[in-house]
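Q: Sequence:
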Amino acid sequence: MIRQPDPKPDVMARRDSIVAGLRALLPETGLIAEPLRLKPYETDGLSAYRQVPLAVALPETTEQVAAVLRYCHRNGVRVVPRGAGTSLSGGALPMEDAVVVGMMRMNQVLDINYPDRCAVVQAGVTNIGITNAVSADGFFYAPDPSSQLACMIGGNVNMNSGGAHCLKYGVTANNLLGLKIVTINGEIIDIGGAHLDAAGYDWLGLLTGSEGMLAIVTEITVRILRSPEGARAMLAAFSSNEIAGGAVDAIISSGIIPVALEFMDRPAIHACEAFAHAGYPLDAEAMLIIEVEGSVEEQDRLLGQLSAICQKFDPISLKISQSPEESAAIWKGRKGAFGAVGRISPDYLCMDGTIPTSQLPLVLRRIQEMSDSYGLKVANIFHAGDGNLHPLIMFDANDEASFHAAEEFGADILRLCVEVGGCLTGEHGVGIEKRDLMPVQFHAHELQQQRRLKSAFDPDWLLNPSKVFPLLEPGAIELPQAA
254 MIRQPDPKPD VMARRDSIVA GLRALLPETG LIAEPLRLKP YETDGLSAYR
304 QVPLAVALPE TTEQVAAVLR YCHRNGVRVV PRGAGTSLSG GALPMEDAVV
354 VGMMRMNQVL DINYPDRCAV VQAGVTNIGI TNAVSADGFF YAPDPSSQLA
404 CMIGGNVNMN SGGAHCLKYG VTANNLLGLK IVTINGEIID IGGAHLDAAG
454 YDWLGLLTGS EGMLAIVTEI TVRILRSPEG ARAMLAAFSS NEIAGGAVDA
504 IISSGIIPVA LEFMDRPAIH ACEAFAHAGY PLDAEAMLII EVEGSVEEQD
554 RLLGQLSAIC QKFDPISLKI SQSPEESAAI WKGRKGAFGA VGRISPDYLC
604 MDGTIPTSQL PLVLRRIQEM SDSYGLKVAN IFHAGDGNLH PLIMFDANDE
654 ASFHAAEEFG ADILRLCVEV GGCLTGEHGV GIEKRDLMPV QFHAHELQQQ
704 RRLKSAFDPD WLLNPSKVFP LLEPGAIELP QAA
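For the sequence shown, the numbering used here begins at 254 and goes up steadily by one.
Simulated from the structure, these hints should not be mistaken for lab results. Predicted model, so just to flag it, every value in this text is computed and none were measured. Just so you know, not all the hints are guaranteed correct.
Calculated lysine-lysine pairs in the DSS-like style (CA-CA distance at most 30 Å, straight line) [stated by the list, open to error]: (1) 292 with 261; (2) 630 with 585; (3) 565 with 585; (4) 630 with 572; (5) 421 with 572; (6) 565 with 421; (7) 585 with 572; (8) 421 with 585.
Based on the provided sequences and hints, a complete structural model is requested.
A: The following block contains the structure:
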């Protein structure tokens with residue numbers, strides 16, 4: 254089970270005073286403190302863990318965020334930043350003595366600059382909302398997590414989120430130009446901007462993926478790109494996971510970079526087909542969704558080359574979409590995959606580890622062996638092109654033994670990722686889910702250096718303090734107690 258830091262008795266004793274102090278800093282409806290109204294904030298996408306927070310602040314401006322953080326810093330109150338709550342690693346899980354700072358009311362597109370191909374948006378704008386704001390003028394925002402209809406760009410920055418199209422366009426870090434942040438003592442700092450390069454230290458790189466532990470992001474300057482002339486998808490179905498993994502490795506080794514290269518195994522194929530009726534091959538053990546873009550001629554050339562590569566692996570079937578409607582049907586199943594698996598299992602854990610693509614056949618075989626050993630089904634749905642795995646481990650949360658087995662199964666998968674030369678997370682972040690596995694990837698002195706960096710930004714460890722670093726690691730720096 255996940256352990257949280259013990260609540261501070263002095264903070265809990267001052268709850269009413271803290272709530273009153275925060276209420277004075279925000280608009281009339283900007284603070285939630287009633288127990289029933291706090292319930293929606295007790296968990297995030299990792300819903301197996303829950304904790305009602307002390308209060309929820311809903312600022313509408315950067316200045317209000319700064320006022321809240323100054324107050325919490327002065328009063329030794331922990332703070333948990335939150336976007337849409339779609340985090341699958343427990344990144345937005347609150348604590349009993351913490352104030353959640355929700356960014357959903359900061360949802361404005363502030364500026365669109367087509368000549369410089371960038372846009373400035375508040376942290377509460379949804380991922381798809383950026384593309385919607387510029388699509389009529391022929392532009393788009395590239396990173397596209399599966400939760401893009403709901404997830405917010407501030408959370409994407411905190412977790413360095415990716416998506417199906419990150420194989421070609423990169424993850425969030427590759428599509429940022431600037432940030433406006435607020436430190437724990439309420440200082441507002443601008444980093445980067447519309448220019449492509451910035452002098453000095455790479456603060457933008459440091460803050461992206463820092464999981465809300467260094468500062469709260471309030472505004473983001475993102476790259477926007479010209480929309481391609483067109484795009485088409487193809488399906489390639491195979492008789493085993495290992496063969497499909499070999500096809501993935503061959504595609505990447507060929508030097509061809511598709512826009513997207515997605516993997517689904519048999520349980521995922523059946524779940525998604527029942528959900529979306531996308532025409533997936535039900536006799537396949539594994540399937541690849543491959544998308545290319547460009548002019549019609551370029552699409553034809555790339556799809557021909559990719560078909561030739563797949564043919565070397567004796568596919569059960571190959572299907573190339575012939576219209577935007579057929580491509581949309583192919584993606585409807587993949588984009589709805591997590592919901593589709595939810596229809597066949599009462600609960601599941603969505604894992605997130607990254608491996609070298611050459612290790613895909615081995616890792617997929619080992620995952621199946623683990624599935625047999627634990628007696629738990631697993632559906633593999635992931636971004637195969639960059640080796641970002643998303644095994645969905647099915648279990649019953651009402652059965653404590655099933656839940657613990659799923660946790661151990663997931664931990665074994667992540668250990669395997671590190672063992673073959675990969676890492677613990679590709680886009681979901683560490684949060685609380687992978688926190689106690691950090692020593693699997695990092696030596697003690699490496700973790701200590703990361704803690705020192707955290708302390709430089711947040712000396713009292715008030716910002717999201719229970720995430721990323723193991724709480725019980727021998728020799729660990731103790732979490733500082735605010736005065």
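Q: Would you mind marking each hint as holding or not holding in the structure?
A: A quick look at each hint next to the structure:
In summary, the hint linking residue 292 to residue 261 is supported, as the alpha carbons are separated by about 21 Å, within the 30 Å threshold. A C-alpha spacing of about 23 Å is found between residue 630 and residue 585, which places the hinted pair at or below 30 Å, so the restraint holds. Of the pairs offered as hints, the one joining residue 565 and residue 585 holds, with about 28 Å between alpha carbons and a cut-off of 30 Å not exceeded. Proximity of residue 630 to residue 572 is assessed by CA-CA distance (about 28 Å); at most 30 Å being required, the pair is judged to hold.
With a C-alpha separation of about 22 Å, the suggested pairing of residue 421 with residue 572 holds against the 30 Å cut-off. With a C-alpha separation of about 24 Å, the suggested pairing of residue 565 with residue 421 holds against the 30 Å cut-off. This hinted pair checks out: residue 585 and residue 572 have alpha carbons roughly 16 Å apart, not beyond 30 Å. About 20 Å separates the Cα atoms of residue 421 and residue 585, which keeps this hinted pair within 30 Å; it holds.
Going down the numbered hints, you'll see the structure goes against none, and every one checks out.
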